[in-house]
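Trainee: So you can see what is in the structure, the chains are spelled out below.
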Amino acid sequence: MTARIVAPVVMGIVMLALWEAVVRVAVIPPYVLPGPLLVARTLIDDWGMLAPALVVTLTITLQALAAAVVVGVLLAVLFSLSRWIELSLFPYAIILQVTPIVAIAPLIIAWANDVDLSLLICAWLVAFFPILSNTVLGLRSVDRNLLALFDLYGAGRWKTLIHLRLPAALPYFLGGLRISGGLALIGAVVAEFVAGTGGSASGLAYRILEAGYQLRIPRMFAALVLISAAGIAIYLVLSLLSYLLLRRWHESAMSGEG
Amino acid sequence: MPVVSVRSVSKVFANGVQALADVSLDIEPGEFLSVLGPSGCGKSTLLRIVAGLAPPSAGTIEWPAGKTDIGFVFQEPTLMPWATALANVALPLGLGGMGRREREARAAEALAHVGLAGFERVYPRELSGGMKMRVSIARALVTAPRLLLMDEPFAALDEITRHRLNADLLALWQKTGVTVVFITHSVFESVFLSQRIAVMAARPGRIVSDLAIDAPYPRTESFRTSPDYAAHCRLVSARLGEAMAA
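Protein chains in written order, with our numbering: chain G, 1 to 258; chain R, 1 to 246.
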């Protein structure tokens, strides 16, 4: 367990030190490649500007994730209740998933007429599919004999859904949620880049674009660090949630011998 | 008057395989009946049809005294992994609409009857194979059914655990007076448990003999080593041999 923490931390420190050393020894100018110390100092100096941008990006990400959960789970439940709805809609869900978000983001931004809403739609489009497909898989991966048992005791579709299918789908849903958390952030950032080229956004991606135009490369790096940190934080929080919900019963959350 | 009558039931699967051909069987109230046969003879299919989990292709299932509550025990424990032992046992009562307090009290009682008092809050993965099967039996009995259908429930357990569960099942049967239909492919198990054994042959599945095991109850471990037991096993084995040759 300690090795799992110590090894990557040591590796990270070595790489950062090497980076700093290369920048200093080769006298690379900051507008080409800033050293990690300069990036850290920029992060602190520009915090007043970067923090609100982080809040904007995170807000869109979390809203998109929440919408992805609601729509993904509702659609999955509908699919599990009706084969016809699934057959009719699932291909379109796949089309939405495989269409590159950069390609449709300009359209959405033009149609939505509201920057925040269009960013939200873009991030949601990227995030909802893993939740949908995983939850559909989970709702179907129910022990046949347990289904027979519910049948035997006269439980209708609704009770079977609440007491059997949904709990059985929970580990699958949580797996999808962890993927979607990262995707929602990517979707938000990509959409911001597209919207940002129109000059109307205020999130981290827009700060990166802006800093790029002004050749403030250390600020670009600082914003990049924040995006990565946000992605890691989302992943960790969702992993913790998953662990807390599953630790009593699911194999994936077992720590060695239970 | 039988609890349930199987009348000329046949079953043909969608792939054309005939699982059962003209099976008739009366199940008398309070009896312990084993259905013995080789793998693939359709005995599990027969049990599922009696339970109403699958329709017969021909023939009928009749309930002369009215349809009764059924308890069903599968070959695997078939527990919900996210629910405690207590919640698993309380499930049939909850699906029937009983309030929380009462169903948990009844489920705790059912757990105590199978020797699992104190394990109410334990999750299935923390239980051994034998204990999981006990939870499964408690769940089947919690509604106090008149008919208990068991589909090779102990086939996956080790011999020591199986013998203990055999003895405990007989004690439960004598205490509750429930009618038991017990599917097995073990001659020894069927002779130890049953008052009556229906021997099945395969392809197509049919009942080829119906034997009474008239040894008295309670049957203890000493019954397993008695000459009487050995004689019954020999007879049933011979019938099973004929069934498999037929």
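Take the hints with a grain of salt, since some may be wrong.
What the hints assert, rightly or not - Derived PhoX-like pairs (lysine-lysine); straight-line CA-CA distance at most 25 Å:
| # | chain 1 | residue 1 | chain 2 | residue 2 |
| --- | --- | --- | --- | --- |
| 1 | R | K132 | R | K175 |
| 2 | R | K67 | R | K175 |
| 3 | G | K159 | R | K132 |
| 4 | G | K159 | R | K175 |
Hints are computed from structural coordinates only; laboratory data are not their basis.
Trainee: All hints are to be evaluated individually against the structure, with a verdict given for each.
Mentor: Hint-by-hint comparison with the structure:
Annotation: proposed proximity of K132 (chain R) to K175 (chain R) holds, straight-line Cα distance about 21 Å (limit 25 Å). Annotation: proposed proximity of K67 (chain R) to K175 (chain R) holds, straight-line Cα distance about 22 Å (limit 25 Å). Of the pairs offered as hints, the one joining K159 (chain G) and K132 (chain R) holds, with about 24 Å between alpha carbons and a cut-off of 25 Å not exceeded. Restraint check: the Cα-Cα separation between K159 (chain G) and K175 (chain R) comes to about 33 Å, which exceeds 25 Å; the hinted pair is violated.
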